[in-house]
Amino acid sequence: MKSVSYRRKATDRIMKALFLLSAFLVILPLFLIFSDLLWKGAKELKWSLLTDLPRPVGEPGGGIANGILGTLTVAGLAMAGGIPLAVLSGIYLAEYGKGAFASVVRFAVDLLAGVPSIIMGIFGYVLWVLPMKRFSALAGASALAMIFLPIVVRTTEEMLKTVPVPVREAALALGIERWKTTLFITVRTASAGIITGILLAMARILGETAPLLFTALGNQFWQTGLDQPIAAVPLQVFTYAISPYDDWHDKAWAGAVVLILLVLVLSIGARLLVRTRR
Amino acid sequence: MEAVENAIEVKNLSAWFGDHQVLKEITMGIRRNSVTSVMGPSGCGKSTFIRCLNRMHELTPGFRTTGEVLFDGRNVLSEEVDPVLLRRKVGMVFQQPNPFPRMSVYDNVAVGLRFNGKRSRAEIADTVEKSFRMAALWDEVKDHLDRMGPSLSGGQQQRLCIARALAVEPEVLLMDEPCSALDPVSTGKIEELIEDLSDRYTIVVVTHNMQQAARISDSVAFFLLGELIEMDKSAKIFTNPADKRTEEYITGRFG
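These protein sequence lines are chains A and B, in that order.
Here the first sequence stands for residues 1 to 278, where the numbers follow our numbering.
Here the second sequence stands for residues 1001 to 1255, where the numbers follow our numbering.
Worth flagging that the hints you see were computed from the coordinates, not collected in a lab.
There could be a bad hint or two in this list.
Claimed, not checked - Heads up, incomplete: computed chain B residues facing chain A, CB under 7 Å, no partners named:
no. : residue
1   : Q1096
2   : R1102
3   : G1112
4   : V1168
5   : A1242
The beta-carbon is built from N, C-alpha and C at its ideal position, and this holds for glycine as well.
When you get a sec, could you build the whole thing from the sequences and use the hints?
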């Protein structure tokens, strides 16, 4: 009797240790990546990185300020178009989507989510670059939006489905119209989850490189218009990293740190904004 | 029954979920400014019945009705009646307290007013306070109206839901087993509240609790397997029921 109880407790402890170990192993890569980046990028991590334009090889100093602005522009454009479209389609799927058309949409959105990001770049190239005969911020934004959309459509749908039916019924029973119930009660109830989905998708597109290669192209100078080629941090990191120069390699590491911090700052900022508004 | 004006007249109301008939030719009158209980065992159609009165089942696929529910001189089941306007006159309180999750206590009650076109802040604040007072909740929440709705206790949440329903100034209040998720003390408070409100509102309460039906109602309708077996004054039903099946239910032989 006693030995059995002892064994049961021991098993319980071992399992708990296993769960803990797994959780630790999951966050380990993040720390390794970040500390490695900081270590190797330390040399180039200075204010000028955030404020200056890139300089030619061999010239000391210079930064990726145009890339930061470019990334914010392209990702911002993608989100400005993507958020309303994705959230409204998510609402359609969750609240009205019972028929065959909804199944088709759901399936297509899942397929879209599985399309490799380089293909999105080619799509942007064919849709914008060929007809306009030049690379542009718009082309980059539309390629990023194609990555952004499916993630947000499906999280919106899933989050809305977690809202209990009685919450909707309570609103309808007050004589609130169905579309108002959906938009101002159901979506509001699920807003935390929907925002998390948007932030995850944002983090994803901020770091995408492949879709921008054939669309935004990159730019050594400040951007001049949305119909012109535009710089982006991941593109700069890519260019610096594949170059044969040591000082550019250092800049690539520092650029990667900036990219991670950018994602971090925007995510935390968005959460704070939402929290105070509530 | 004596000749008192009825708020709602139900005539030959039948209802189906697909092929399954859940209500069979229900005919009854619901008296104005009194409490009518709809009582019966689980699955007898009592919830379906009151959900016909505010057309809450409309979004359920495969649900259909025949017959009439006359309210304000019109058949509310007909296409000409806008369910949105109907529900502003016929409010509802549900079995599980269902305050809006990400909304403050105050907003939970104010939201119906805002969406129903009341604009001025003062007017809304006024009606909200009045509604909280009617729901006997004002003293408990007046100092933390900005707390989230779900932070209240279960009984308070249910009174919050009653206040929310009252705020849009309905004439009829439908209550679908409003106490079945509550403890005896909260149940007592809600029952007291129902009695108070019956001066001004026509109240229809669904319950499978006979003691509750006996305590709170003026009239009782007994449902069994989708049929209205009998309806009478509360005292009559519980002391001298006309139908054998009612008697069997009341004496606890089934249900």
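Hints, verified against the model:
1. A hinted interface residue such as B:Q1096 counts as satisfied when its beta carbon comes closer than 7 Å to some beta carbon of chain A; here the least separation is about 6 Å, so the hint holds.
2. A least Cβ separation of about 5 Å between B:R1102 and chain A falls short of the 7 Å threshold, and the interface hint therefore holds.
3. Nearest Cβ of chain A to the Cβ of B:G1112: about 4 Å, under the 7 Å cut. The hint holds.
4. Evaluation of the B:V1168 hint against chain A yields a held restraint, the C-beta minimum of about 6 Å falling below 7 Å.
5. Checking B:A1242 against chain A: minimum C-beta separation of about 34 Å lies over 7 Å; hint violated.
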